[in-house]
Amino acid sequence: DAGVIQSPRHEVTEMGQEVTLRCKPISGHNSLFWYRQTMMRGLELLIYFNNNVPIDDSGMPEDRFSAKMPNASFSTLKIQPSEPRDSAVYFCASSLRGGQGRISSYEQYFGPGTRLTVT
Amino acid sequence: SQQGEEDPQALSIQEGENATMNCSYKTSINNLQWYRQNSGRGLVHLILIRSNEREKHSGRLRVTLDTSKKSSSLLITASRAADTASYFCATDGKSAGGTSYGKLTFGQGTILTVHP
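So the protein sequences, as listed, match chains A and B. For the first sequence, the numbering used here assigns the number 1 to the initial residue and increments by one for each residue that follows. For the second sequence, the numbering used here assigns the number 1001 to the initial residue and increments by one for each residue that follows.
A portion of the hints provided could be inaccurate.
[To be verified] Computed Cβ-Cβ distance ranges for the label pairs, DEER-style: (1) S1068/B <-> M15/A: 42 to 52 Å; (2) A1078/B <-> H10/A: 12 to 22 Å; (3) M40/A <-> K1026/B: 33 to 43 Å; (4) N51/A <-> V1044/B: 19 to 29 Å; (5) E1005/B <-> G3/A: 49 to 59 Å; (6) T1077/B <-> E18/A: 42 to 52 Å; (7) D63/A <-> R1060/B: 25 to 35 Å; (8) R1060/B <-> N51/A: 49 to 59 Å; (9) M15/A <-> E1055/B: 28 to 38 Å; (10) E1055/B <-> H10/A: 18 to 28 Å.
Simulated from the structure, these hints should not be mistaken for laboratory data. All values reported here derive from a predicted model rather than from experimental measurement. Glycine included, each C-beta is placed from N, C-alpha and C at the ideal position.
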């Protein structure tokens, strides 16, 4: 298995521009998580999906952030407009959680992250 | 409030020594997990301990869980330079109905440096 795939790996953009981060979870996983990591705030959960449905977006900083999961194999996190304080490493993670006869796995598998720099 | 507070924030040891990291949390949990992060990489799952378990082993890792004290410890025995990384505990919170919230809450991590 290729693991969780994120793109791009690095993104440098100017303040005010739209940024779109992409994630492909591990095939068969039914939960997807977006995190942001900074030195000051550590690892923060932004939003998570279960079976493509957003379950908890309480960690999304503000309306400039939005996330979608149109199907089980793809998710995007969009920032519009971007600001310098959005600079961070953004991680996507996936996991398999219970139900329908499948073995439940609570551990999360992380992608390599996207390092975002907004100037 | 912050779940999963690790202690110490940083730990520096010599190769061959044991490393112990602690984690405290505030609310009821279904399970507690430990992750490792090498510089510039994503987190990697190390071990999971369920709320009804008290100790678990995996290779050179030993995890304990004390739900009465809401704390856990991770012991890495016979450390190697390659163990240098940040280590995070994460809790899978339990709702009033006993079900999982479906998400993990991570602590700030312990930075472990193992000198050759």
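A quick look at each hint next to the structure:
1. Between S1068/B and M15/A the beta carbons are some 50 Å apart, a value that agrees with the proposed interval 42 to 52 Å.
2. In this structure the supplied range 12 to 22 Å is violated for A1078/B paired with H10/A, their Cβ-Cβ distance being about 36 Å.
3. Checked against the hint of 33 to 43 Å, the C-beta distance between M40/A and K1026/B comes to roughly 21 Å, which is inconsistent with it.
4. Take N51/A and V1044/B: their Cβ atoms lie about 25 Å apart, and the range 19 to 29 Å holds.
5. Under the hint 49 to 59 Å, the C-beta atoms of E1005/B and G3/A, about 29 Å apart, miss the expected range.
6. A C-beta distance of roughly 49 Å is found between T1077/B and E18/A, which places it inside the suggested range of 42 to 52 Å.
7. At about 46 Å, the beta-carbon gap between D63/A and R1060/B misses the expected band of 25 to 35 Å.
8. Distance hint for R1060/B and N51/A: a CB-CB separation of about 37 Å, inconsistent with the stated range 49 to 59 Å.
9. Range check, M15/A to E1055/B: Cβ separation about 50 Å, and the 28 to 38 Å hint is violated.
10. Checking the proposed 18 to 28 Å range against E1055/B and H10/A shows it is violated: the Cβ atoms sit about 41 Å from each other.
Hints 2, 3, 5, 7, 8, 9 and 10, counting from the list given before, are not met by this structure.
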